[in-house]
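Trainee: Each chain, written out:
2 protein chains.
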Amino acid sequence: MTDTAPSAEPRSGPYICGIDAAMDVVSGKWKSLILWELDAGTRRFGELRRGLPGVSEKMLIQHLRELEYDGLVHREVYREVPPRVEYSLTELGRELNAALEPLAEWGRRRIDRIGAERVELPATG
Amino acid sequence: MTDTAPSAEPRSGPYICGIDAAMDVVSGKWKSLILWELDAGTRRFGELRRGLPGVSEKMLIQHLRELEYDGLVHREVYREVPPRVEYSLTELGRELNAALEPLAEWGRRRIDRIGAERVELPATG
DNA sequence: CGGAATCCACGCCGATACTG
DNA sequence: CAGTATCGGCGTGGATTCCG
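Going line by line, the protein sequences match chains Z and X. Note that the first sequence covers residues 0 to 124 in numbering that gives the first Met the number 0. Note that the second sequence covers residues 0 to 124 in numbering that gives the first Met the number 0.
It is possible that some hints are incorrect.
The following residues of chain Z were derived to be distant from chain X, with all beta-carbon distances above 10 Å [what the hints assert, rightly or not]:
{"#": "1", "residue": "W35"}
{"#": "2", "residue": "G45"}
{"#": "3", "residue": "E46"}
{"#": "4", "residue": "K57"}
{"#": "5", "residue": "I60"}
{"#": "6", "residue": "E65"}
{"#": "7", "residue": "H73"}
{"#": "8", "residue": "V76"}
{"#": "9", "residue": "P81"}
{"#": "10", "residue": "S87"}
{"#": "11", "residue": "R109"}
{"#": "12", "residue": "R112"}
Partial pick of chain X residues on the chain Z-facing surface, computed with a CB cut under 7 Å [to be verified]:
{"#": "13", "residue": "A20"}
{"#": "14", "residue": "A21"}
{"#": "15", "residue": "W35"}
{"#": "16", "residue": "Y68"}
{"#": "17", "residue": "Y77"}
{"#": "18", "residue": "R93"}
{"#": "19", "residue": "L95"}
{"#": "20", "residue": "I110"}
Footprint (simulated), chain X over chain Z, 3 or more residues, beta carbon under 8 Å [said to hold, decoys possible]:
{"#": "21", "region": "15-21"}
{"#": "22", "region": "24-31"}
{"#": "23", "region": "93-100"}
What the hints contain is simulated information worked out from the structure, not anything from laboratory work. From the three backbone atoms N, C-alpha and C, an ideal C-beta is built for every residue, glycine too.
Start from the sequences, fold in the hints, and give me the full structure.
Mentor: What follows is the structure, encoded as structure tokens:
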């Protein structure tokens, strides 16, 4: 709790408008990507980790916790050996993802416009 | 140029998907708000500054430059005394703003859902 | 008016090591 | 497997000062 204090803080400061209320929630290097992954279906921690090449455990769990705190992601723990934890989108999360879709489309067209600095990546999709 | 190196770097690294290509462009504390302000019409530097309560000149100019570099904002200089500079959206910027609208709507409903930590602000709109 | 330059604090994020 | 703890770099953003 000394570093990067992830959990249980009432964020959602005084928002100027809807945009920053939404940006607040998706800001973070991997958050929108996590949402995107989860939109395809329920995922275990390790699956998410493998699906997001380059993410560290710390950032993944931190972003997951914040997403959970913000009511976008549901965390289900199965007390087994070995332990299993499954993450899925809540209804609010699915709504956010839907709202993100036009932005994603804009981004795709923008990449096309700039013209391919992009390299081939495993999870390009 | 020693600090916070704002301008003229070919960002747009290898994007995983459209979402982070878009997020890359709007990430920054004030960027989406600047876009939002400019969507209402052409603005001078000082007008933007007053319209974004809390922003510093440094961050405003820095974000403006990045937005300009990314082709979202047009900067028009009028060599007069006193000097005048006007900022406006490009076509790409207007398209981005349109793509941002569903997200803004989601945000507004989210604010409503959380239930009003928000305080009254001048530019609330 | 519209910046540029500098200093500095804080928080994001990565790497590594350890635990149940 | 699914985290937790800690350290540290570095980028982001704030405050202040100066310039054309």
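Trainee: All the hints need checking, so say for each whether the structure fits it.
Mentor: Against the structure, the hints:
1. W35: Given that some Cβ of chain X is not farther than 10 Å from that of Z/W35, nearest at about 6 Å, it is violated.
2. G45: Consistent with the label, Z/G45 stays out of reach of chain X, its closest Cβ about 19 Å off (over 10 Å).
3. E46: 16 Å, holds
4. K57: Z/K57 clear of chain X: closest Cβ-Cβ about 19 Å, beyond 10 Å.
5. I60: 20 Å, holds
6. E65: At roughly 14 Å from the nearest Cβ of chain X, Z/E65 sits farther out than 10 Å, so the non-interface label holds.
7. H73: Holds, since 16 Å exceeds 10 Å.
8. V76: Its Cβ never comes within 10 Å of chain X, the nearest being 25 Å, so this holds.
9. P81: Holds, since 29 Å exceeds 10 Å.
10. S87: Answer for Z/S87: holds, closest chain X Cβ roughly 19 Å.
11. R109: 6 Å, violated
12. R112: 8 Å, violated
13. A20: 4 Å, holds
14. A21: Given a least distance of 3 Å, the restraint on X/A21 holds.
15. W35: 6 Å, holds
16. Y68: 12 Å, violated
17. Y77: Result: violated, 29 Å to nearest chain Z Cβ.
18. R93: This hint is violated: X/R93 lies away from chain Z, its Cβ roughly 11 Å from the closest one there, beyond 7 Å.
19. L95: With a minimum Cβ separation of about 6 Å from chain Z (threshold 7 Å), the hint on X/L95 holds.
20. I110: With a minimum Cβ separation of about 5 Å from chain Z (threshold 7 Å), the hint on X/I110 holds.
21. 15-21: That given contact holds, which follows from 7 residues of the region 15-21 of chain Z lying within Cβ reach (below 8 Å) of chain X.
22. 24-31: holds (count 4)
23. 93-100: holds (count 6)
When each numbered hint is compared with the structure, violations occur for hints 1, 11, 12, 16, 17 and 18.
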